[in-house]
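Q: Letter by letter, the chains look like this.
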Amino acid sequence: MGLLKQYWELFLVFFKIGAFTFGGGYAMIPLIRNEVVNKKLWLDDNEFMDMLALAQSAPGPISLNTALFVGNKQLGFKGSLFCGAGIILPSFIIILIIAVLFTQFKDNPVIESIFKGVRPAVVALIAAPLLGLSKSAGVNLKNIWIPIVVALAVWLLNISPVYIILVAILLGILYYLFIKLKMKR
Amino acid sequence: MELIELYTSLFLAFLKIGLFGFGGGYAMLPLIQREVVDIHGWISVSDFTDIVAISQTTPGPIAFNSATYIGYTSVTDMGFSTFQGVIGSAICTIAVSIPSLIIMTIICAFFFKLNNNPWMRSSLSVLKPAIIGLIAAAALMLMNDYNFIDYKSWIIFGVVMVASIKKMDPILLIVLSGVAGLLLYPPT
Numbered sequence: 186m187g188l189l190k191q192y193w194e195l196f197l198v199f200f201k202i203g204a205f206t207f208g209g210g211y212a213m214i215p216l217i218r219n220e221v222v223n224k225k226l227w228l229d230d231n232e233f234m235d236m237l238a239l240a241q242s243a244p245g246p247i248s249l250n251t252a253l254f255v256g257n258k259q260l261g262f263k264g265s266l267f268c269g270a271g272i273i274l275p276s277f278i279i280i281l282i283i284a285v286l287f288t289q290f291k292d293n294p295v296i297e298s299i300f301k302g303v304r305p306a307v308v309a310l311i312a313a314p315l316l317g318l319s320k321s322a323g324v325n326l327k328n329i330w331i332p333i334v335v336a337l338a339v340w341l342l343n344i345s346p347v348y349i350i351l352v353a354i355l356l357g358i359l360y361y362l363f364i365k366l367k368m369k370r
Numbered sequence: 015m016e017l018i019e020l021y022t023s024l025f026l027a028f029l030k031i032g033l034f035g036f037g038g039g040y041a042m043l044p045l046i047q048r049e050v051v052d053i054h055g056w057i058s059v060s061d062f063t064d065i066v067a068i069s070q071t072t073p074g075p076i077a078f079n080s081a082t083y084i085g086y087t088s089v090t091d092m093g094f095s096t097f098q099g100v101i102g103s104a105i106c107t108i109a110v111s112i113p114s115l116i117i118m119t120i121i122c123a124f125f126f127k128l129n130n131n132p133w134m135r136s137s138l139s140v141l142k143p144a145i146i147g148l149i150a151a152a153a154l155m156l157m158n159d160y161n162f163i164d165y166k167s168w169i170i171f172g173v174v175m176v177a178s179i180k181k182m183d184p185i186l187l188i189v190l191s192g193v194a195g196l197l198l199y200p201p202t
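Chains as they are written, first to last, in my numbering: chain A, 186 to 370; chain B, 15 to 202.
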């Protein structure tokens with residue numbers, strides 16, 4: 186298979202994933218696994234899990250990070266550019282069309298009525314998965330103060346999430362140092 | 015020039031969102047809201063909620079969706095042309111992707127070493143619960159007078175919450191709540 190065709194194939198697979206990952210984040214994991222592990226055999230299941238852990242620990246959308254990882258593994262940096270473009274383009278095109286049309290219709294009373302119903306629903310959709318996600322994030326009775334303090338600090342004190350993230354990483358490093366010191370004694 | 019200045023501040027704001035957007039999805043919402051609503055005032059809180067709603071019903075991660083949408087509207091709201099708005103969209107979308115591209119390229123170079131690194135594992139053990147807190151903050155920040163206008167809003171909120179926990183499809187729930195909006199708040 187020619188090199189150009191391989192780049193094109195990477196682009197196409199992730200364009201397809203990008204076009205069908207509604208809801209983003211965790212919703213697209215089974216889709217990516219089906220394409221990359223089952224159909225294309227680009228990764229085995231172990232590599233796939235490792236990739237997910239890394240994609241989640243790096244900043245940025247998880248779907249973009251996995252696309253960049255697969256592209257890089259297959260064809261290096263240029264491969265990751267093709268996969269990245271593939272996963273971004275579908276939402277770029279769709280949102281652009283909506284932005285152009287929606288700004289014209291936004292003040293329409295029918296649209297306004299619809300969105301009066303949709304807005305509180307959106308807040309519920311954000312809050313609903315919190316319980317399930319807490320489990321996979323390893324939240325337990327010992328560390329439940331962390332999400333509570335973070336939520337209150339951002340909500341009530343208006344502290345930038347940037348500082349929260351930097352402090353969280355620092356605390357994790359200090360905690361490791363503390364455990365190491367304790368084990369030496 | 016005014017347009018170049020706007021492009022530059024859009025680029026920098028979305029670069030920052032991409033760089034500090036740990037956890038993806040809703041965990042990025044407080045960060046995005048802070049930059050585009052509180053600091054720069056490019057859009058209002060209710061417009062921001064509308065973007066989240068649109069993101070729910072269209073494919074792709076919310077970070078891209080808001081970058082594309084805000085890139086377009088902030089430029090055209092200031093009186094620039096549709097084409098200049100499209101350029102704004104492209105600038106924001108590229109900006110939000112650059113940190114991922116750089117960091118994932120580095121991570122791929124050290125793949126297996128990093129994954130079992132105890133420093134990294136320990137950082138993640140604090141970062142992950144913190145990300146849960148950020149998602150909760152996103153929900154709390156959107157519980158305001160713009161999105162909850164009366165008791166009917168809270169009824170919609172409660173019903174959708176229960177339906178979502180019962181694994182009902184979010185796209186269907188958005189569509190149904192739109193129908194509920196039409197019935198409960200008839201357009202005049």
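One or more of the hints may lead you astray.
What the hints assert, rightly or not - If you want the footprint, here are the derived chain B segments under chain A, 3+ residues with CB under 8 Å:
(1) 16-29
(2) 65-79
(3) 92-105
As the list claims (entries may be wrong) - With a cut-off of at most 25 Å between alpha-carbon atoms, the simulated SDA-like pairs for lysine to any residue come out as follows:
(4) A:291 <-> B:104
(5) A:225 <-> A:266
(6) A:320 <-> B:93
(7) B:181 <-> A:225
(8) B:166 <-> A:224
(9) A:263 <-> B:108
(10) A:291 <-> B:122
(11) A:320 <-> B:183
(12) B:180 <-> A:215
(13) A:224 <-> B:104
(14) B:181 <-> A:263
I should point out that these hints are in silico values taken from the structure, not numbers from a laboratory.
Just so you know, these numbers come straight off a predicted model, no measurement behind them.
All C-beta atoms, glycine included, are put in the ideal place defined by N, C-alpha and C.
Q: Check whether the Cα positions of residue 224 (chain A) and residue 104 (chain B) lie no farther apart than 25 Å.
A: violated (32 Å)
Q: Do the alpha carbons of residue 263 (chain A) and residue 108 (chain B) lie within 25 Å of each other, as the hint requires?
A: With Cα atoms ~16 Å apart, residue 263 (chain A) and residue 108 (chain B) stay inside 25 Å; holds.
Q: Examine the segment 16-29 of chain B for residues whose CB is less than 8 Å from any CB of chain A, and state whether their number is three or more.
A: With 0 residues in contact (Cβ-Cβ under 8 Å with chain A), the coverage given for the segment 16-29 of chain B is violated.
Q: Are residue 225 (chain A) and residue 266 (chain A) close enough, with their CA atoms no more than 25 Å apart?
A: Since the Cα atoms of residue 225 (chain A) and residue 266 (chain A) sit roughly 19 Å apart, the hinted pair holds (cutoff 25 Å).
Q: Given the hint that residue 166 (chain B) pairs with residue 224 (chain A), does the C-alpha gap stay at or below 25 Å?
A: violated (47 Å)
Q: Is the hinted pair residue 181 (chain B) and residue 225 (chain A) satisfied, with a Cα-Cα distance of at most 25 Å?
A: violated (30 Å)
Q: Are there at least three residues in the segment 65-79 of chain B whose beta carbon sits under 8 Å from a beta carbon of chain A?
A: With 14 residues close enough to chain A, the hint holds.
Q: Do the alpha carbons of residue 320 (chain A) and residue 93 (chain B) lie within 25 Å of each other, as the hint requires?
A: violated (47 Å)
Q: Check whether the Cα positions of residue 320 (chain A) and residue 183 (chain B) lie no farther apart than 25 Å.
A: This hinted pair holds, its Cα atoms lying about 21 Å apart.
Q: Take the C-alpha atoms of residue 181 (chain B) and residue 263 (chain A), compute the straight-line distance between them, and say whether it is at most 25 Å.
A: Since the Cα atoms of residue 181 (chain B) and residue 263 (chain A) sit roughly 39 Å apart, the hinted pair is violated (cutoff 25 Å).
Q: Quickly compare the C-alpha distance for residue 180 (chain B) and residue 215 (chain A) to 25 Å and report which way the hint goes.
A: holds (20 Å)
Q: Taking only the CA atoms, is the gap from residue 291 (chain A) to residue 104 (chain B) under or equal to 25 Å?
A: Judged against 25 Å, a Cα distance of about 22 Å means the pair holds.
Consistency note: the structure conflicts with the earlier hints numbered 1, 6, 7, 8, 10, 13 and 14.
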